[in-house]
Amino acid sequence: MMQPKHFLWRTEGSVGVITLNRPERKNPLTFESYGELRDLFRQLDSESKIKTVVLTGAGGNFSSGGDVHEIIGPLTRMKPAELLEFTRMTGDLVKAMRHCPQPVIAAVEGVCAGAGAILAMASDLRYAAPSARVAFLFVRVGLAGCDMGACAILPRIIGQGRASEALYTGRSMSAQEGLAWGFFNQISDSVVEKAIEVAKELASGPTAAHAVTKKMLHREWALGVDEAIDQEARAQAMLMQNQDFRRAYEAFAAKRKPEFQGD
Numbered sequence: 001m002m003q004p005k006h007f008l009w010r011t012e013g014s015v016g017v018i019t020l021n022r023p024e025r026k027n028p029l030t031f032e033s034y035g036e037l038r039d040l041f042r043q044l045d046s047e048s049k050i051k052t053v054v055l056t057g058a059g060g061n062f063s064s065g066g067d068v069h070e071i072i073g074p075l076t077r078m079k080p081a082e083l084l085e086f087t088r089m090t091g092d093l094v095k096a097m098r099h100c101p102q103p104v105i106a107a108v109e110g111v112c113a114g115a116g117a118i119l120a121m122a123s124d125l126r127y128a129a130p131s132a133r134v135a136f137l138f139v140r141v142g143l144a145g146c147d148m149g150a151c152a153i154l155p156r157i158i159g160q161g162r163a164s165e166a167l168y169t170g171r172s173m174s175a176q177e178g179l180a181w182g183f184f185n186q187i188s189d190s191v192v193e194k195a196i197e198v199a200k201e202l203a204s205g206p207t208a209a210h211a212v213t214k215k216m217l218h219r220e221w222a223l224g225v226d227e228a229i230d231q232e233a234r235a236q237a238m239l240m241q242n243q244d245f246r247r248a249y250e251a252f253a254a255k256r257k258p259e260f261q262g263d
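Oh and the sequence shown: position 67 is 67 in the numbering used here, straight run, nothing missing.
No lab work stands behind these hints: they were computed from the structure. It is possible that part of the hints are untrue.
As a list, the in silico DMTMM-like pairs of lysine to aspartate or glutamate whose alpha-carbon atoms are at most 20 Å apart [unchecked claim]:
(1) LYS95 x GLU12
(2) LYS215 x ASP244
(3) LYS49 x ASP189
(4) LYS49 x GLU259
(5) LYS49 x GLU24
(6) LYS200 x ASP189
(7) LYS257 x GLU220
(8) LYS5 x GLU82
(9) LYS200 x GLU232
(10) LYS49 x GLU70
(11) LYS215 x ASP45
(12) LYS200 x GLU165
(13) LYS49 x ASP92
(14) LYS215 x GLU24
(15) LYS200 x GLU220
(16) LYS194 x ASP263
(17) LYS214 x ASP189
(18) LYS49 x GLU197
(19) LYS257 x GLU227
(20) LYS200 x GLU259
(21) LYS200 x GLU250
(22) LYS215 x ASP226
(23) LYS255 x ASP226
(24) LYS215 x ASP124
(25) LYS95 x GLU70
(26) LYS49 x GLU32
(27) LYS194 x GLU12
(28) LYS200 x GLU12
(29) LYS200 x ASP45
(30) LYS215 x GLU227
(31) LYS214 x ASP263
(32) LYS215 x GLU232
(33) LYS215 x GLU47
(34) LYS214 x GLU70
(35) LYS215 x ASP189
(36) LYS95 x GLU24
(37) LYS257 x ASP189
(38) LYS95 x GLU259
Keep in mind it's a predicted model, so treat the numbers as computed, not measured.
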């Protein structure tokens, strides 16, 4: 795996842990960190040893989003072609997160704003500390809520009405609101540890099947129900040829827990 310069990367067994690491500024994103995150998630597509990924921030905050002085200021001086290059690059980060086969789990503490909120949104599962505050702040800097896929993804998580409010107003969503609305899966006082625990549990499961679940959850947004059922039939029939399916049956017959190997 690449060794990034603009955030921390470590592994705990088959779990990869990304830590946004500028705690003195509440972990803002820069041109460089956007690009490195995109490249890392792209690389995960071919990293079979990494089964799940946890994404978090250092110092009690997740991420304050795009750095005001290092991103927003320079953007006001860019030419149209440069602006489009930037917005496509940030969108490519979300695409890379959605297309890597590993489930991505966000552990959110404190500030989770702007592009930071997008990173949490683009994850597969989200766990919150009681301190978590999520805000899609784009309207506060005179921009639309349609940033990095927010208008497509957020309504599918919390519903059209709630997503509309979040994107029009830019207001903060508390941890309790996020839990009630379905944005967060759970609130935990030890949120990073909880996320890693869940990641390890998923990593010990049938990871080839998890990758197909992730792919189909993404793909079926654009399918009618009949077509989705047909594609799921093909996907499930393919997985029934895997050794993990046989291991599960043999373990059930022997009244023991299956030991999945991801093949």
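Hints and how they fare:
1. LYS95 x GLU12: The given pair, whose Cα atoms are some 25 Å apart, is violated under the 20 Å limit.
2. LYS215 x ASP244: holds (18 Å)
3. LYS49 x ASP189: violated (30 Å)
4. LYS49 x GLU259: holds (16 Å)
5. LYS49 x GLU24: Judged against 20 Å, a Cα distance of about 33 Å means the pair is violated.
6. LYS200 x ASP189: Distance ~19 Å between LYS200 and ASP189 Cα, so the pair holds.
7. LYS257 x GLU220: Answer violated: LYS257 to GLU220 is near 31 Å, above 20 Å.
8. LYS5 x GLU82: Answer violated: LYS5 to GLU82 is near 24 Å, above 20 Å.
9. LYS200 x GLU232: violated (26 Å)
10. LYS49 x GLU70: violated (35 Å)
11. LYS215 x ASP45: Distance of about 12 Å is within 20 Å: holds.
12. LYS200 x GLU165: Outside the cut-off at roughly 35 Å; violated.
13. LYS49 x ASP92: Since the Cα atoms of LYS49 and ASP92 sit roughly 23 Å apart, the hinted pair is violated (cutoff 20 Å).
14. LYS215 x GLU24: Measuring from Cα to Cα gives roughly 37 Å; hence the hint is violated.
15. LYS200 x GLU220: Roughly 27 Å separates the two Cα atoms, so the pair is violated.
16. LYS194 x ASP263: violated (27 Å)
17. LYS214 x ASP189: Since the Cα atoms of LYS214 and ASP189 sit roughly 27 Å apart, the hinted pair is violated (cutoff 20 Å).
18. LYS49 x GLU197: Holds. LYS49 to GLU197 sits at ~17 Å (cutoff 20 Å).
19. LYS257 x GLU227: violated (34 Å)
20. LYS200 x GLU259: holds (14 Å)
21. LYS200 x GLU250: Distance ~23 Å between LYS200 and GLU250 Cα, so the pair is violated.
22. LYS215 x ASP226: At roughly 17 Å apart (the allowed maximum being 20 Å), ASP226 and LYS215 satisfy the hint.
23. LYS255 x ASP226: violated (37 Å)
24. LYS215 x ASP124: holds (11 Å)
25. LYS95 x GLU70: Violated, because 23 Å separates the two Cα atoms, which is more than 20 Å.
26. LYS49 x GLU32: violated (26 Å)
27. LYS194 x GLU12: holds (14 Å)
28. LYS200 x GLU12: holds (9 Å)
29. LYS200 x ASP45: holds (19 Å)
30. LYS215 x GLU227: holds (15 Å)
31. LYS214 x ASP263: Holds. LYS214 to ASP263 sits at ~16 Å (cutoff 20 Å).
32. LYS215 x GLU232: Between LYS215 and GLU232 the Cα gap is close to 11 Å, so the pair holds against 20 Å.
33. LYS215 x GLU47: Roughly 17 Å separates the two Cα atoms, so the pair holds.
34. LYS214 x GLU70: violated (34 Å)
35. LYS215 x ASP189: violated (31 Å)
36. LYS95 x GLU24: violated (29 Å)
37. LYS257 x ASP189: violated (30 Å)
38. LYS95 x GLU259: Violated - the C-alpha atoms of GLU259 and LYS95 are around 32 Å apart, more than 20 Å.
Of the numbered hints listed earlier, those contradicted by the structure are 1, 3, 5, 7, 8, 9, 10, 12, 13, 14, 15, 16, 17, 19, 21, 23, 25, 26, 34, 35, 36, 37, 38.
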